[in-house]
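Asker: Chains H and C are the protein sequences, given in the same order. So in our numbering the end of the first sequence lands on 536, straight run, no missing numbers. So in our numbering the end of the second sequence lands on 739, straight run, no missing numbers.
Misleading hints may appear alongside valid ones.
As the list claims (entries may be wrong) - Using 35 Å as the maximum straight-line C-alpha spacing, the simulated DSBU-like pairs for lysine-lysine come out as follows: (1) C:661 - C:570; (2) C:540 - H:373; (3) H:373 - C:661; (4) C:607 - C:491.
In case anyone wonders, no lab produced these hints; they're calculated from the structure.
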Amino acid sequence: MREEQTLIARWIRNGSRVLDLGCGNGALLAHLKSARGVSGYGIEIDSENIVRCLEAGVNVIQSDLDRGLSDFDDDSFDYVIMTQTLQATRYPDRLLREMLRVGREAIVTFPNFGHWKCRLQVLTGRMPVTRHLPNTWYNTANIHMCTVRDFEALCASEGLEILEREALDSAHRTTAAMRLLPNLLAEIALYRFRRR
Amino acid sequence: MSNGFPHDSVGLVTPQRRAFTEPLELDSGATLDHYELVFETYGELNAARDNAVLICHALSGDHHAAGYHEPGSQRPGWWDNLIGPGRPLDTRRFFVVSPNNLGGCAGSTGPLSINPATAQPYGPDFPFVTVRDWVKTQARLADALGIGCWAAVVGGSLGGMQALQWAVDFPDRVRHALVIAAAAKLTTQNIAFNEVARHAIRSDANFHGGRYFEKGVVPAHGLMLARMLGHITYLSDDVLMSRFGRELRDGKLNFGFDVEFEIESYLRHQGESFVKRFDANTYLLMTKSLDYFDPAANAPDHDLRKALAGASARFLVISFSSDWRFAPARSREIVRALLDADRDVSYVEIESEQGHDSFLLEVPLYHRVLRTYFQQMPIAGAPA
């Protein structure tokens with residue numbers, strides 16, 4: 341997680357205004373506050389996580405992302421970030437549009453379903469269960485899994501311009517091979533994008 | 356703790372009193388030349404004077420928020436579950452100040468006090484007071500206690516409105532505003548409930564235009580009705596059903612208008628005990644203060660966002676899922692305005708079946724949130 345935070349922090353300008361969707365325990369926002377001097381809010385639905393955010397001194401708004409971002413005005417953030425959450429939302433396409441309505445740029449990370457381990461398990465006739473996706477099909481929160489190619493196809497059809505991409509393994513390391521063949525070798529994908 | 360009180364109670368407390376002689380101009384245009392506030396304090400003000408927390412009470416509350424007034428008492432203050440050594444608002448760390456609002460009936464100057472102009476109780480002549488007026492008097496109390504800036508101003512319902520108004524009116528005197536089960540202004544339905552309550556009181560044959568004290572009576576029937584109505588709106592349908600259901604007191608229908616269902620007994624009891632401790636004129640004033648509350652009133656375009664743009668406090672806004680008198684949607688309006696104004700705010704909606712009353716109860720997650728929030732609030736150190 342820390343490597344993912346460092347990577348995201350590298351993409352973010354100092355002093356910007358940030359909205360973190362599904363902010364978990366607030367660690368990313370706390371990191372961005374200290375490393376980049378950002379201001380902003382986390383959105384989280386889980387009460388335990390909200391208490392952890394308050395502990396971390398991070399602004400957190402309890403809200404259900406599936407209800408959209410109607411509490412936020414157009415273009416009110418420099419970045420809208422969503423780490424490891426897109427695949428658990430009910431309407432990922434709508435949410436991406438919402439992210440770029442309220443933010444000038446968006447940053448998304450998600451587990452890549454195109455990774456070779458997932459593909460192998462599907463070939464055996466079973467839904468994948470990996471270290472990064474530890475739940476089975478019936479109890480997973482990840483109801484909208486996608487691959488690197490799926491995500492980029494959606495961006496193309498939504499008219500979104502991908503500014504940066506990073507491919508990582510589950511230990512958040514990257515290699516030249518992973519960058520070359522992200523859909524096969526990346527376990528986690530990071531994107532920074534904006535409206536075209 | 357001595358006197359057999361729980362070890363995490365503030366124990367025995369004695370109310371204090373301050374007189375203020377600087378004339379107070381009220382929103383209504385009236386002026387009070389002299390008034391007194393009664394209040395309680397718990398814990399110690401530290402040397403840096405940065406650990407003071409103001410508690411604002413709601414419609415029927417008073418200064419007795421925590422601890423006990425008599426040895427052996429079983430009846431602690433109204434927010435005792437929150438305040439004490441080791442409780443979420445920890446009095447080993449914070450200095451807590453809890454006043455009775457101007458216009459109240461628990462000791463601060465109000466309709467029961469003597470009007471110096473007539474040497475009679477003010478009664479219905481006591482001027483209308485607003486949330487802004489209260490905040491002004493609380494600021495003068497802070498001055499008198501040597502408190503330049505509150506670590507936090509905290510309140511539920513009408514108390515939460517005061518916390519919000521504090522952040523608007525005295526931005527440099529509040530570091531944190533905790534706005535619980537409140538609203539940025541009352542809805543039409545909410546004003547309607549207040550009007551029914553007021554009408555019940557004012558149409559009581561014993562009301563006598565508010566001069567009932569001159570006749571040695573109280574409009575008990577009207578005040579009781581007002582309180583019964585209030586109680587229905589403070590609880591959720593579900594909690595009424597689970598607590599009272601359709602239980603019959605005698606186990607059978609009596610085909611009469613005496614108490615049959617347990618809920619009738621409960622409401623009558625609540626109404627009757629309220630009449631013994633509360634003044635009808637104060638009730639009228641407090642409901643009007645609720646109706647008038649509108650912190651955006653003086654902002655450009657009557658815009659709450661603009662009213663809050665100057666606030667510098669960090670906000671914690673809390674609502675309760677089953678609260679329909681001050682619904683979560685009303686809290687979200689406050690949050691939305693704070694977000695638009697780029698203020699620091701956190702918002703939590705607590706799952707609770709207990710309706711509006713939840714803010715007074717020890718709902719576990721609610722108290723954890725408050726405990727965590729107070730714990731991470733930086734103060735200079737241990738009490739001096």
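Asker: It remains to establish, for every hint, whether it holds in the given structure.
Answerer: Against the structure, the hints come out as follows:
no. : hint          : result
1   : C:661 - C:570 : violated, 49 Å
2   : C:540 - H:373 : holds, 33 Å
3   : H:373 - C:661 : holds, 26 Å
4   : C:607 - C:491 : violated, 55 Å
Comparing the model with each earlier hint shows violations of hints 1, 4; every other hint is respected.
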